[in-house]
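Visitor: Given chain A, put chain B in place with the hints provided.
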Amino acid sequence: MRSTSRHRCDAGHNRPFRPVAGWPAAALAVLLVAACGSGKPSLEITQAPSSVTVTTTTIGTLGQILTSGGHSLYVFPPDHRAAVLCDSACQGTWPPLTVTSGGRVAAGSGADSAKLGTIARPGASDRVVTYDGWPLYRYAGDVDPGTANGQGLTLNGGPWYVMRPSGQPVVLNEQGQP
Amino acid sequence: MTEGSSENPPAGEPAQLGTRVSRRTLITAGAVGAGAALGAGAAVGISALTSSPTPAATIPPSEDLMVDHGILKRILLSYREVSRQVTAGDPVPVAPTAAAAALIQTYIESYHEALEEAYVFPRLEQAGRLTGLVRTLLIQHDRGRHLTAGITELTADGVRTAVARVALTRRLDAFVRMYEPHEAWEDTVVFPAFREVTPDRVFTELGERFADEQRTLFGTGAVGHILEQVAAIEAALGIGDLNAFTPSAL
Chain A
1 MRSTSRHRCD AGHNRPFRPV AGWPAAALAV LLVAACGSGK PSLEITQAPS
51 SVTVTTTTIG TLGQILTSGG HSLYVFPPDH RAAVLCDSAC QGTWPPLTVT
101 SGGRVAAGSG ADSAKLGTIA RPGASDRVVT YDGWPLYRYA GDVDPGTANG
151 QGLTLNGGPW YVMRPSGQPV VLNEQGQP
Chain B
1001 MTEGSSENPP AGEPAQLGTR VSRRTLITAG AVGAGAALGA GAAVGISALT
1051 SSPTPAATIP PSEDLMVDHG ILKRILLSYR EVSRQVTAGD PVPVAPTAAA
1101 AALIQTYIES YHEALEEAYV FPRLEQAGRL TGLVRTLLIQ HDRGRHLTAG
1151 ITELTADGVR TAVARVALTR RLDAFVRMYE PHEAWEDTVV FPAFREVTPD
1201 RVFTELGERF ADEQRTLFGT GAVGHILEQV AAIEAALGIG DLNAFTPSAL
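Chains as they are written, first to last, in my numbering: chain A, 1 to 178; chain B, 1001 to 1250.
So that you can see chain B by itself, here it is in the shape it has in the complex:
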C-alpha cells in the first residue's frame, strides 16, 4: 500500500464527479455520511501512515491484504461492542454501526475481497491448491455481503423495535463469528500458499497493481483515512483507547 500526501475534500463535501473519485470521498459519502456526527480526527497512531511526503516502496500484495485484515479486525471489535451494548439494553448506537457497515461494504467487500477474488483465489485454484478452502472463503464472502446488507437496512430504519434489536445483534454476532476465523485462515494458510504459487516477478507486479487500484479507487493516503474513520467509530462506542484493553495484574 503506497501512502502519500492527502488530497481530500473537506468532510462531507460531495465527490467531484467527472474528475476523480478518491477513496476519502467514497468513505465520506458511504460511511460517515451515515454517521457524520461521529466526527473525525479521533485517530490514534496513524500519523506514520498519513504524513509521509514521499511514496513508500511497493508493499508485497500479501502484506497489503493483511493490513486490510487489521482494519477488518478493528471493525469486528466495534461490531462486538455494539452487540454487547444492545444486548445489555443500552440505546442502539445507530450512527457508528451504520458507519462501520458502510466501511465494510465500500472497503472490505468492494475492494479487499475483490482483490482476493481477482488475483489470489484464481491462482490457488489454477495450481490445485486449497480448492476446498477457497470455495468456503467465497461462500463466506457472499454470506458477509448479505449480512452487511441486513445491518445497513436495519440501521437505515433506526433499529426502533425489540425485534430489530435482536435482528441486528444476530447479524453482528454472525459476522464477527465468521470473519474472525476467515481472516485468520487467510493470513496463516491462504496468503502463504498464494506466495508459494506466484512467481517473484508476478508477485511484484501484483503489489504494484494493488497499490494502483487502491489509489485509483480511494486516492492517496487511503489507509490513513480509513483508520481515521475506524478510530472515530471506536471513539463513539467508547473503545477508542487501546490501553483500556490491558488487563490489570491477575
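Pulled out of the complex, with its shape left as it was, chain A reads as follows:
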C-alpha cells in the first residue's frame, strides 16, 4: 500500500475494475467540486498510466460503445463537457480514465482520434481523458470486461451513460432500447 504526501484530491482512479454518477448539475458542481480542496494529503494508492487507448466494443443490446482496456466508458451529463465534477469518493464508484500529464492518448479501432483530449482533474497533476469534450469514467460495478452495468444508473447526483464513437451518450427509451 502506498499513501503519498502530495496534496491531491482524488481516490482510486485508474484501478483495474473501478469507476461513479450524479443530481442536478448545479448541485453536483457544488457538491462534488467542494469535496476536493480540503488540502489533505492524497490517500490514493494508484498512479495514472503514461499511455491510454480508447477503442470501441459491441456490448449486448447497447451496440458499439467506447471502451478502454475492455471496460466500458461512461459520461456524466453534469460535467457539461467542461469539468470533472465527480471527485473524491465519487471516483471510487466511477474512476475517471486518467493519464499522466503529457502522456499519450490513442484511438483504437472505431474511435475517432480527433475527438480525444484531456482535461484537468481538480487537485491532481494527472489528466482525465475526454472524448468530444466529455470526461470519461469507468464503473466499479463492471467487474468483468465487456459489461456496461452502470448504463442509465442515477447515482452520485446524476445519470451515467455509455458513449457512442460519434460522441453521443447512449440514452435508452422506456423499452430499454437505444
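None of these hints come from the bench; they were simulated from the model. Among the hints, erroneous ones may be present.
Stated by the list, open to error - A few chain A residues that face chain B, going by a derived Cβ cut-off under 7 Å, partial list only:
hint, residue
1, 45
2, 89
3, 90
4, 92
5, 116
6, 125
7, 140
8, 141
9, 143
10, 147
11, 149
12, 153
13, 155
14, 156
Stated by the list, open to error - Restraint-style ranges between C-beta atoms, simulated for each label pair:
hint, chain 1, residue 1, chain 2, residue 2, range
15, B, 1187, A, 60, 44 to 50 Å
16, B, 1204, A, 101, 27 to 33 Å
17, A, 82, B, 1195, 49 to 55 Å
18, B, 1163, A, 104, 48 to 54 Å
19, B, 1063, A, 60, 39 to 45 Å
Claimed, not checked - Negatives, chain B to chain A, calculated, CB over 12 Å:
hint, residue
20, 1067
21, 1084
22, 1089
23, 1095
24, 1117
25, 1144
26, 1206
Quick reminder that beta carbons are idealized off the backbone N, C-alpha and C, glycines included.
Guide: Same frame as chain A, now just chain B:
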C-alpha cells in the same frame, strides 16, 4: 463521523445552490421529497447525535462505516415491513417506501458504498486480501443500485397494479436478502482486514477524510438528520417503537 450543530434549512426548502449543498438538503430533496407527508421529528434516541455543540474526535473509518451499516439495517427492517404489508394485501405504503429508497440511493449508494469502493476495497486488492470477496461485494453494490432504481420507478408510478405489487415485493425481498449478509460480512471480515492492511497514520487520515467528505456532502449533524428520516419512515410503517420487537416471555 463528526457531529456538530445543525445548519439545516426548514423541511422542504430547496437547496441553496451556489453556496453549499448540505446533507440535510439532499435528504430533504431526495428522500422526503418523495414522502414529505411522513413528517419529521419522530426520531427516537438521536439526541446524543445532534445536540453536541462541539465536534467529537475523529471516528476511525471502519467504525464510521459500521454506523452506516446500522442505518442500512434499519432501512432493511422498513423494507421487510413494507413487503409484509403488501403481501398481506394491505395498501402499499408508497410514500415511506419511496423515502426509504431515496435514502438508500443518496446516502448508502452514493456515499457509503463510494467510500468503500474508493478507500477500502482497493487497499485489500492491493494487499492481495479477500479479492474474491471484494469482487462479490462490488457485484452486490451494482445489483443493489439496480434494485433501488426499480423500487424508485415502481413507487413513482404509485404501485397501482397487482403486477406492480408483486414486482415491488420481489425487489424489496431481494434487496433485504442480499444486504443482510453483505453488511455482516463487511463488518466481520472486510473491515477487520482493512484495518490490518492499513498503516496507523493512513487509517487516521482516512477517518478525517471520511468526516470531511460527509460534512462536505451532507453538512454537519448528518447522521442525526439521517436517523430522523429513518425514524419517520419507521413511524409511518408502524415499526417505530423498538419495544414492540421485544418478545413476551416464552
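Visitor: A separate judgement is required for each hint: does it hold in the structure or not?
Guide: Hints, one by one, checked against the model:
1. 45: 6 Å, holds
2. 89: With a minimum Cβ separation of about 4 Å from chain B (threshold 7 Å), the hint on residue 89 of chain A holds.
3. 90: This interface hint holds because 6 Å falls under the 7 Å limit.
4. 92: Hint holds; residue 92 of chain A Cβ to chain B Cβ min 2 Å, cut 7 Å.
5. 116: Violated, about 26 Å.
6. 125: The hint is violated - residue 125 of chain A has no Cβ within 7 Å of chain B, the shortest such distance being about 19 Å.
7. 140: 5 Å, holds
8. 141: For residue 141 of chain A, the interface hint holds, since the closest Cβ of chain B sits about 3 Å away, which is under 7 Å.
9. 143: 5 Å, holds
10. 147: 9 Å, violated
11. 149: 5 Å, holds
12. 153: Since the shortest Cβ distance to chain B is 6 Å, the answer is holds.
13. 155: 5 Å, holds
14. 156: 5 Å, holds
15. B:1187 / A:60: 44 to 50 Å: 35 Å, violated
16. B:1204 / A:101: 27 to 33 Å: 30 Å, holds
17. A:82 / B:1195: 49 to 55 Å: 40 Å, violated
18. B:1163 / A:104: 48 to 54 Å: 53 Å, holds
19. B:1063 / A:60: 39 to 45 Å: Holds, at about 41 Å.
20. 1067: 16 Å, holds
21. 1084: At about 28 Å from chain A, residue 1084 of chain B clears the 12 Å cut-off, so the statement holds.
22. 1089: 29 Å, holds
23. 1095: 20 Å, holds
24. 1117: Non-interface label on residue 1117 of chain B violated, nearest chain A Cβ at 4 Å vs cutoff 12 Å.
25. 1144: 10 Å, violated
26. 1206: 6 Å, violated
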